Every structure is written in structure tokens, then in C-alpha cells.
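Enquirer: So the chains spell out like this:
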Amino acid sequence: MLMETVFSIKPVFAVLISLLAIPGIISSRTQNIRETWTLVAAGIKLLIILSMLPLILDGKVVSFTLFQVFPDIGISFRVDAFGMLFALVASSLWIVTSIYSIGYMRSLDEHSQTRYFSFFAAAISATIGVAFSANLLTLYIFYEILSLATFPLVTHHQDKEARSSGRKYLFYILGGSIGFALPAMMITYHFTGTLDFAPHGVMAGHINSGLALMISMMFLFGFAKVGIMPMHSWLPAAMVAPTPVSALLHAVAVVKVGAFSVVRVFTGIIGTSVLADFNISTIVCVIASFTIIIASLIALSQDELKRRLAFSTIGQLSYIVLGVALLSKSGMTGGMLHIAMHAFGKITLFFCAGAIFCATGVKYISQMKGIGRRMPITMTAFLIGSLSVVGFPPCGGFISKWYLVLGTIESGNLIFLFVLLGSSFLNAAYFFPVFYNAFFCSEDQMLFEDKVEEAPLWCVVPLVITASISILLFFYPQPFLKLASLAVSTIMGG
Amino acid sequence: MEQILSFIAAKANYWAYVILLMVGLYAMIVKNNLVKKIVGMVIFQTAVILFYVSIGYKTGGTIPIIIYGDGHNSIIEPAAKAVDYINPLPHVLMLTAIVVGVATLGVALALAIKVYQEYGTLEEDEINKKIRA
Amino acid sequence: MTFFTTIFTFLPDLPAIIIITPLLASLLAAASGLFNRKTPFLIAAAALFISFISSIILIMQVVETGIVIEYRMAGWAAPMGIVYIIDHLSALILLVITSAAFLNFISNRKNIETEFRNKEGAFNSLYLLFTSGLIGMTATGDAFNLYVLMEIASLSGYALIGLGSNRSPLATLNYLFLGTIGATFYLLGVGYLYIATGSLNIADIASIIPTMMNSSIILFAFIICMAGLLIKMAIFPLHGWLPNAYSDCSNVSAGLIAPLTTKVTIYIMIRICLTLFSPEYTFNYLKISEFMVWLAIITIFFGSLSALAQKDYKRMLCYIIIAEVGYMVGGFFLGNRIGISGAILHIVNDAAMTLALFMAAGIFLWKTGEDSRDSLKGMFGKMPFTMAGFTLAALSVVGVPPTCGFFSKWYLISGGIAAGQYMFVAALIFSSLVNAVLFFRILEIAHFEPFKEHNHDHVYHHSHNTLLHHHQDHHDEHYETTKHNGVVKEAPLEMLIPFIAVSIMLVILGLYSGTIVANIIDFVIPAAII
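Chains C, U and V, in that order, give the protein sequences. The numbering used here puts the first sequence at residues 1 to 494. The numbering used here puts the second sequence at residues 495 to 627. The numbering used here puts the third sequence at residues 628 to 1157.
Worth flagging that the hints you see were computed from the coordinates, not collected in a lab. A few of these clues could be false.
Stated by the list, open to error - Result set (BS3-like, lysine-lysine): computed pairs, CA atoms no more than 27 Å apart in a straight line:
id: 1; chain 1: U; residue 1: K624; chain 2: V; residue 2: K938
id: 2; chain 1: C; residue 1: K160; chain 2: V; residue 2: K938
id: 3; chain 1: U; residue 1: K608; chain 2: U; residue 2: K525
id: 4; chain 1: U; residue 1: K505; chain 2: U; residue 2: K552
Claimed, not checked - Quick list of simulated restraints, FRET-style, between CB atoms:
id: 5; chain 1: V; residue 1: P1077; chain 2: C; residue 2: P230; range: 31 to 39 Å
id: 6; chain 1: V; residue 1: T741; chain 2: C; residue 2: G193; range: 35 to 43 Å
id: 7; chain 1: C; residue 1: Y436; chain 2: V; residue 2: I1131; range: 38 to 46 Å
id: 8; chain 1: V; residue 1: I680; chain 2: C; residue 2: G193; range: 53 to 61 Å
id: 9; chain 1: C; residue 1: D72; chain 2: V; residue 2: R699; range: 35 to 43 Å
id: 10; chain 1: U; residue 1: E496; chain 2: V; residue 2: M839; range: 49 to 57 Å
id: 11; chain 1: V; residue 1: V695; chain 2: C; residue 2: G493; range: 53 to 61 Å
id: 12; chain 1: V; residue 1: V690; chain 2: U; residue 2: K525; range: 31 to 39 Å
Predicted, not measured: the structure shown is a model, and the values here were computed from it. Every residue gets a Cβ at the ideal spot worked out from N, C-alpha and C, and that includes glycine.
Bound conformation, chain C alone (with noise of 0.2 Å):
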């Protein structure tokens, strides 16, 4: 199949947009000059991915080469279904985060708010670089700069605890893509001669058996954002970071640029016919399968919201990873259509853990009892964030869990259908009890007065927005099912 290639800028302003703001940021006079910058670049940076849509959904790419860096690779642009799926998200979910941050960062009085600021410009800028790429090298790039964009935020506090997990952080990511994802990168250069995606993969003919599966496990583990068992420690390690950081990067960007550059590479790079012929699909299907029940089993045992929500994430994200891996064609749809409902529901999660701690400062779960009579908007919005990613109709969740099932059928594998389902209990179990001892505990366990007490409007209504969406999605889950289903039949053929 081939498709129609548009030539244009945009894709290059789109991942611009947001780095240009930060000169505004810095030199900002005020407060509100510098969050007008911020959310001024959200909007525009959200206009052009919106204008190049109707493009894509006619089938067409948009593509953009600004630097030949080497004679036959540049840094160029590619706009396709699935990176267009991607950066819808990220993009979308930036201007909310943005209006978040200012009502957290505010109502705590962080210090060092314009650094904040700049370097969660220049993280967005990096996301989207990363949905657009045209080529690994590229891809390879943006996440590199958001790795290094993200230290700041993740260690905002500057202290012991900040230090250390900064430094875990940084360790499993650019350990991770230095030791493992370069070299691959490198080998699959030597071997293919070429690192741009292609949509059925450039490794078919090139490579053996043993060193095709070599290459996928350094991919998947040097991608350590994906946070695929053992790789996963520096999520649960980053939760030091303040909630949006956290609700942004680490339920929506980080993990899912780690989530996307996987697919990525095992779509465009080393291709679905070799993961079927050498039989590395079942290997990463048995990984990903692992990191699901395990993670999901750790969940239940974290009394701190963020760290219970952190490993949930780690759960959720290797859904994307055996998503493709069963390499049917629902599967494929399911896992790439997870990445947009997952980062609703999880989004939404995090803003109320965000929320909480503003309002009462708790962080620990066991100290939530009756909170619902406090901030009954904010549980509100976690029962329905929780029902999205438990999968529970009617929110977006749901869908996404759908066609994984359906995929799962498809492909033969009895036994992934049962981790599905196995670990959607499980979900069940790590959310349900937050909600229950929110609203429905005796009044003598009651820790909070039964007085309504939201936390201030600029951290509410983000909530209530990424909520409504969740259960919006279930009822009109476009364009994101289009853009999965025109991805997967590129990829998949027919």
C-alpha cells in the first residue's frame, strides 16, 4: 500500500512550538506573562497537530526532513496514524496538565517555578518529537532529550530523596539507552543499511534468528521507559517528583514515548513478519505477561497512592507491549488504542492524588478514610479514572481492554486471554479499596470532617475535564479508533 506523502513545515513547528516559548518563559516579568506563554504555546502547539488531522485520516503522511546529519539518514518527520495518534494525546493532555500546574505549583509555593515551566516545555517538545520521527536515529534523539529534560522535573525538590531517585532515574534511562538501544540501533545500521520506519520493517532477508532476537530484547529493554520488567524501578523511584510531573510524564509521556518507541521499532524497524517467523512475539508476550501480574501483585501492596498508581502504570504499559506482540490485528488496534485511553484514565488518577495532597496534604492510602465526604468531586473523578483503566464500561478503558481480548482470540494464545483477564482483577482489587474507604467507612474510622473542602478550582476542573473525556471516549472513542485501525492495516496489510 502506498501512501501519499504531503510535504509541509508543520510537523517541525508542532514539536518547535513549545521550545520557543521557553525564551518567553524565562524572561517572563510575572507570573501570569510566564503561564500565559506556557498555555499560549499548549494551544497553538494543539491548532497545527489538529490542522494536519484531516490529512491523516485521509490516509496521507506528512513529512519533513530538517538535517541531513549523515549522507543517507536525517533528522527528519513523519507524520503517520500512529504517531499522529500519540501526539493528539500528549498534546491535548499538555494544555490540561498545564492548567493544572499552575493551580499545584501555586497553592503549594514551589520554589524554582520558571525552571519548572521551561523544562516541561522543552519534555513536550521532545514527545512530540518522538510521535513524528521519520527514523530511528531521530526517534533515538528526542528521547534522549526528554530523558535529560525530565531530570529537572523529576528532582524539582533538590533533596536527599530527589538526589537519589534522579539518580536511579537516570541510570535505568540513559543506562538503558546508551548500553542497550544505541548499539542495537548501530547493528541494525551495519545490517540494513537504513533506519528509517518502514511499515512492514527494513530487517526481513537481513538478519539471523539469534541476532534478531538479540536486537528486540535490547530494544525493549533499552527502551527503559516502557518499564518492562527488570527495567521498571525508576518509575515508582520518580514518584518523588511534584503530581503533575508525575501525571504528565510518568502516565503520559515518559512511559508512553518508552510504549511508543517500542512499538515503533518492532512495527517499522524490526518488523512483524520476523517477530512471527523467529518466534520473538512469544518471548515478548511471556515478558510483557510477567511484568502485568507482577507489577499488578507489587500494586496491591503499596499503602502510597503515587507508588500504587506508579506500578499500575507499569502494568498497563506492558498491555501496549503484548498488544502488538500477540501481532493479530485487534491486538494491534488495542494496544496502540491503550495508549490514548490509558493516558486519560491514569492522567485523571494522578490529578486526584495531586488534588488530595493539596488540599489535606495526605499521601498514604490508609489515611484517606472519608475523604469522599471532603472532595467527593476529586473521588468522583478517581472512580471514574479507576473504572477506565480497570476497563469497565462505559469509559474509554474499556475499549482499548476489548479489542486486546479480542486479540488475544485471534491469535491462538488461550493463555495471554486469562493474564488479561487475571490482571483486570487484580486492577480491580488495588483501586476498589481506595474508593470504598473513601465514602464508604464507619464514622468512628473517619479522619476528615464532614465539611466540603475542594482543592482550589485550577486543580479541580483539569480533573473533571480528563474524567469527562474517559467516559466521553466510550461513547465516541474517534478519532483515536480510526487512526489505530488506518495504523495496524498499514502495518498489518489490507
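Using the hints, position chains U and V against chain C.
Expert: Structure of chains U and V alone, referenced to chain C:
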């Protein structure tokens, strides 16, 4: 034996240069006193000068000044035969090398004075002891 | 109009102007230093600027026309006279030398004034002499002339380094001994080449060598020349002089000498292997590639591990420089096109990165009056722009894209894979990871630990002209007060601007590395090498 001796004798200047080179290198590496090292360095450089001078030398050759070489009286004196003259180029080069050698010696001695002012000695082991202390 | 016509009349003489200007200006600077303390700096800055501009024009000329410029000194043709050759490679290296010397010089005006009080004339004159020595080494087409210029650069280099701290004379003396051995070995090699070929002109010798490949004289000449150069470029185990010499000297001198000396020596090695002895001789006939690559691998491991053990920032940089020498030597002796491209590209990139790191060292010293790593505490809050530039330089050394270090490393690693030298690839990756640890330690201190007040004279007498200082003052009420002493006190603009320019260059060099390789480096490597 005879042959070996004559071989050595025929290349005497080259043997001398190699021996001088080794003497200089030995002194630079092994000697403890900084001034002795500097002396070794000068011997080392001079050895190379000897080598260059030997390249240009020719038994029976004369200095390369060509009488009437400007062509005015070419009927009286036929064109110069290169065989009769030594090669002047290496010798000229060595003028430059000597200058370089002198400059190096100057810088080295200046540094040695600085070292002496700092540590009060020029023996390397004593200086090292003072640095560690 | 007349101005431009004057410029154009000078154009054919640019290869001479680029070296003559700093050479003559060094005399002028020394003389004027006797009467006035300000003029030597102005003279030197002007001379360096003229060289810098000339090198830009030269490289544009070469790239546009594709013709090698051969400049005959005083009109004597080769092989009798001395010619200066400006081809793609030497034009590139000239640009590196002149730009690094110029930027480092202008950014350090205040450091020169304080560190070399009443010695301005001498210092500026030496700085110019060193630069012109390097320029001459790069441009000359004559093997003996190369020796003379090498010694001019070395001697002024010894003097520059010797002007440093109390410990520097001893370190310099050791450097001088080894440097002299290296240069004299080279001279000896040239002598043997002269015996064999009867010529001193590089192009002329190169045309004769293919007829006498089997000659043992040529072999000996090659070995002894290479031995001399290897000493001068500080490859393991001949590196001993470098860390002491570079870390004990003043920051201004280190900023000039450290980025350039080893790189120009490596350039000379490449010149000698590619242009003088043919690639055929170096790679196919001699079969020393394997040995040299292993030497490079050991150098990389040794340099990286030693750097880990250093507490002092400048000493750490010195060992990184040694490891980088291994990158370039190893990359060159991989013997394939991509590896050699990587080595040449890395000469440019590494010069830029080292320059940035030493300029940063100069700024920190100026700001805090201390040289140790601890003096960087809290610097991110104090000097965000300087630290941003420093971070870029650090990332470049680690090899994180899109900084230039990544791209040359890419070529080197690809070359290693193509040549089947997997140990070299492993060494490169190992050294990248070690560099990541090294710089992370520094950045972590600067990010996490609170700023500590320094008792240093500088802090007082220049606090009024800092960058963000005054308009930060009356906006403090709008901004949150930070935990970590959030008052920004940047370095003075004249230091900051050149430094930031170099840091940004690191990214630009990276993004345009494809252009550099396609337009310059591809022309350097003989077509015989694939």
C-alpha cells in the same frame, strides 16, 4: 673481522650519532638531577645534528660555491658537476635546528631555575618528597 | 568600494596572512607591553581576529572551488621553496585552531589581567606565537618546515604552561623533555626520508615513495616519525606528561593548549599517513592497523578509568583528553572510510568540546576563586546560563544527541563494526558511560547542593555588571524566593557570550555534521579507501 672493522670505520660518523643519541636518551630518562637531564637533552639533539651533517658530507667533495656559476664565463668553466660538491641543504637545515636547540635549552634552564626557587633543590627524588610532604 | 578592493588584493596572499599576522603581532605585542598594559591585548585580539576571518574565507574558497590552494612562500616553487597547502583538511583544521584561539582569548580578558599582571606583553606574545606555530604546522607542505613550526608551538607552549601555578615549572620541564624527544624523533625521521628521496617537500616525497615501498630506510623513517608523534599526542603509555602539565597551568593557557595541541598532532599524524606515506603504504603494506587500534583501545580504557579516580576537575578533563586521543587514533587506524571520517570529525568536535569545558573552568575559577569540584555547589541556581552551556558540553563529551559528540562517535562506532573491531566499539561505549558518570557527579553537585559563599576578591568588584543581576532584584517580589539562594549572578557578558557561542556551536556542529562530512571530509580521504 677485518670487514666488520672497515664497515664500522666507513660509517664512523653514523655510529657516533647513534651512540650519542643513546647517551642523551639515557641521561634524560635515568638521571636524577634536572640539570643532568638537560645536558642529556642537548647531547640528544646534537646527535641528530651530527646525523644531518653526515648526510650532506661527501668524501673529496668541496664547498658548493660554483665559480662562474652564474653563466657569465661558461666557456672557461663547464657546467658544475654535482658530484664534486657536498650537499649544502642538510647543513643549512641544521642552522635552524641549532637555533631551535638553543631556544629549548634556554627555556629548560629558565624552568630549572624556577624549580630551584620553588623547592631549593634540583634532585628529582628530593622534589618529589617535598611535593608529597 | 576601496575597502573591498583592498581586501580582494589580499585574497591570494591569505595563506601567508593567516600565519604572518599573529607572528608579527607577537613581536609587536611584546614590545608594546613595555609601555602600556592594555595595548598587548588589543593587538593580539586583532591579530587573532584577522587569522580567524582569513581561515573562514579560505575554507569557503576551498569548499566552493574544490581546488587546493598552493601558496609559494616568496614565490619559490616546490620542491625548492616552501609551499603552504590549503586543502579541505588543512582549511578545516585552520578554522578550528583560529576560532578556538580567538574565542578563548577574548573570553579570558579579565583572567589574563589578573593572573598575568605586569606580564601582559610576554603572555600575549606567547599566546600569539603558539597559535601561529599551530597554524603553520597545519598549513605547511614542507616536512622540515613542519618541524620548525612544531618547535615554535612547543617552545611557546612550554613557556605558557610554565607561567602557571607554583608546581607548573616542574611539570613543564617534564613535558619539555618528552616533547623534545618527540620532536627530535620526528626530525630524525625526516632525515631518513631525505636520504631515501632527496626531498623535503611532502608532495614530492609522496610521489617518490611508491617506487621504493620495500626500502628499509622508508620503514625506519615511518616508525621513528610515528614514535615522535605518538609521544607528542600523549597516547598510552607515553601520556605521563599531559595531566600534570595541563592541570597545573593557568586556565587561559589550558583553554588554548588542551583543545588544540593533541588534535593538531593527530592531524599531523593523519597528514603523514595519508599524504606523505600513502594509505597503500600505511594500511596495506605495513599492517600496523591492528596494533595501533589496540593501543587506542588501551588508551581509551586507561584514560576513562583514570578520569574516574580524579578529584580535581581539570585533572579529570586531562584524562578525558587522553581517552579521546584513543578515539581518534583508533578511528583513523580502522582504515576504512567511515572510521577515518569519524576520526577527522572528532578532531573538530573534540576541540570544540574541550574548549567549552576549559572555558567553563575559567568562568568557575573567576566566579569562585576555587578549582575544586565542590566549588560548583548550587551553580545551577547561581549561573543558569553558564551551567546550561556546561551541561551541553558535558552531554557532548558523553555523546548524547543532538550534540556533536554523538555524531562523531556514531561514525567511529560504525567504522569499528565495519572493520570488525568489536573491542574498539566496546571501548567507545564503555568510555561514554564512564563520561556520563563523571559529568553526572559534577552536575549533581551543582544541582542539589546549596550554593556556598566564596571569599574571593572577584565576587566584589564585578558584581555590579552581571547579566540578570539588576533586573532580577526588583522582580524578586513577583518570583518565589527559592530554597537555594535563587539570586542569579552570571559571569560578565564578555566571558559568557563566547562561551555560550561555543556551546551552541556544539549543537550546530552536530546537526550539520552530515554537511561537514559530505562537503569537506569526503574530499580528504583518498578514493582508494572504502
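Enquirer: Holds or violated: 31 to 39 Å for the Cβ distance of P1077(V) and P230(C)?
Expert: holds (35 Å)
Enquirer: Okay, D72(C) versus R699(V) on CB: inside 35 to 43 Å?
Expert: holds (41 Å)
Enquirer: Mind checking the hinted window 53 to 61 Å against the Cβ distance between V695(V) and G493(C)?
Expert: holds (54 Å)
Enquirer: Within 38 to 46 Å or not, the Cβ separation of Y436(C) and I1131(V)?
Expert: Since Y436(C) and I1131(V) have Cβ atoms about 56 Å apart, the given range 38 to 46 Å is violated.
Enquirer: Does K938(V) lie within 27 Å of K624(U) when you go C-alpha to C-alpha?
Expert: Distance ~21 Å between K624(U) and K938(V) Cα, so the pair holds.
Enquirer: Check the following: the C-beta atoms of T741(V) and G193(C) are separated by a distance inside 35 to 43 Å.
Expert: For T741(V) and G193(C) the Cβ distance comes to about 56 Å; the hint is violated.
Enquirer: Could you grab the alpha-carbon distance between K160(C) and K938(V) and see if it respects the 27 Å cut-off?
Expert: holds (22 Å)
Enquirer: Measuring from beta carbon to beta carbon, are I680(V) and G193(C) in 53 to 61 Å?
Expert: violated (41 Å)
Enquirer: Starting from K505(U), check that the Cα of K552(U) is at most 27 Å away, please.
Expert: This hinted pair holds, its Cα atoms lying about 12 Å apart.
Enquirer: Given the hinted pair K608(U) and K525(U), is their alpha-carbon gap at most 27 Å?
Expert: holds (19 Å)
Enquirer: Could you say whether the range 31 to 39 Å given as a hint is met by the Cβ separation of V690(V) and K525(U)?
Expert: violated (51 Å)
Enquirer: Between E496(U) and M839(V), is the Cβ distance one that fits in 49 to 57 Å?
Expert: violated (32 Å)
Going through the hint list in order, the structure does not satisfy hints 6, 7, 8, 10 and 12.
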